Amino acid sequence: DTGVSQNPRHKITKRGQNVTFRCDPISEHNRLYWYRQTLGQGPEFLTYFQNEAQLEKSRLLSDRFSAERPKGSFSTLEIQRTEQGDSAMYLCASSLEGPDTGELFFGEGSRLTVL
Amino acid sequence: SQQGEEDPQALSIQEGENATMNCSYKTSINNLQWYRQNSGRGLVHLILIRSNEREKHSGRLRVTLDTSKKSSSLLITASRAADTASYFCATVSGGSNYKLTFGKGTLLTVNP
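From first to last, the protein sequence lines stand for chains C and P.
Position one of the first sequence corresponds to residue 1 (this note's numbering), numbered consecutively onward.
Position one of the second sequence corresponds to residue 1 (this note's numbering), numbered consecutively onward.
Because the hints were derived from the structure by calculation, they are not lab data.
Everything numeric in this text was worked out from a predicted model, so none of it was measured.
We put the beta carbon where it would ideally sit given N, CA and C, even for glycine.
Keep in mind that a hint or two might mislead.
Claimed, not checked - The following label-pair restraints were derived from C-beta to C-beta distances: (1) P/38 / C/20: 41 to 49 Å; (2) P/10 / C/62: 29 to 37 Å; (3) C/38 / P/69: 44 to 52 Å; (4) P/52 / C/8: 20 to 28 Å; (5) P/40 / C/96: 25 to 33 Å; (6) P/18 / C/62: 16 to 24 Å; (7) C/66 / P/14: 32 to 40 Å; (8) P/26 / C/60: 43 to 51 Å; (9) C/58 / P/8: 23 to 31 Å.
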């Protein structure tokens with residue numbers, strides 16, 4: 001399968017714990033995006049990588065959030081000291097072109113529940 | 001912040017009927033895209049329409065764009081139960097050529 005892969009699909013954690021999500025993009029895609037989606041809402045942009053460079057971070061990403069893309073391949077999104085408000089679906093997408101000219105390919109998402 | 005607003009928020013129809021969803025946005029755009037999301041799953045791209053296009057077709061999908069009214073519509077003809085999903089419009093605007101801004105979506109239910 002050559003789609004965008006996200007792991008884990010589901011994560012339940014207690015408030016205050018750290019969690020990490022992984023995204024493996026489509027192999028030839030140099031652009032990678034993280035979005036967050038809460039119930040009943042559309043996805044909201046979190047951050048964007050072009051190759052290994054993180055070019056944009058939304059103000060939604062507090063200092064408890066960090067994303068990396070070492071060597072421009074897979075990416076990780078870490079949330080430290082989780083809060084109940086962090087409960088959401090975290091979506092990763094990749095693309096060859098930017099969304100101003102082409103589509104994004106999304107993974108199935110990682111659903112986080114903070115108790 | 002959400003750029004697009006879909007209307008209606010929810011739509012329930014019978015199989016075989018057509019479904020029309022609307023999207024309004026606030027600022028000038030480069031293009032507008034429609035995505036579909038099955039419950040609890042990722043998003044799947046349906047169609048992209050550029051700001052200089054007025055109408056586009058893909059299979060049973062027809063998208064229109066009216067930049068003067070800052071609105072778009074998605075028409076699904078001859079709906080099927082498998083079309084049951086949430087549908088989102090998303091826009092790219094201004095200098096943020098890497099950021100898609102999504103609306104809140106329309107939940108379409110097609111009853112068999």
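Are any of the numbered hints broken by this structure? If so, which, sorted upward?
1, 3, 4, 6, 7 and 8
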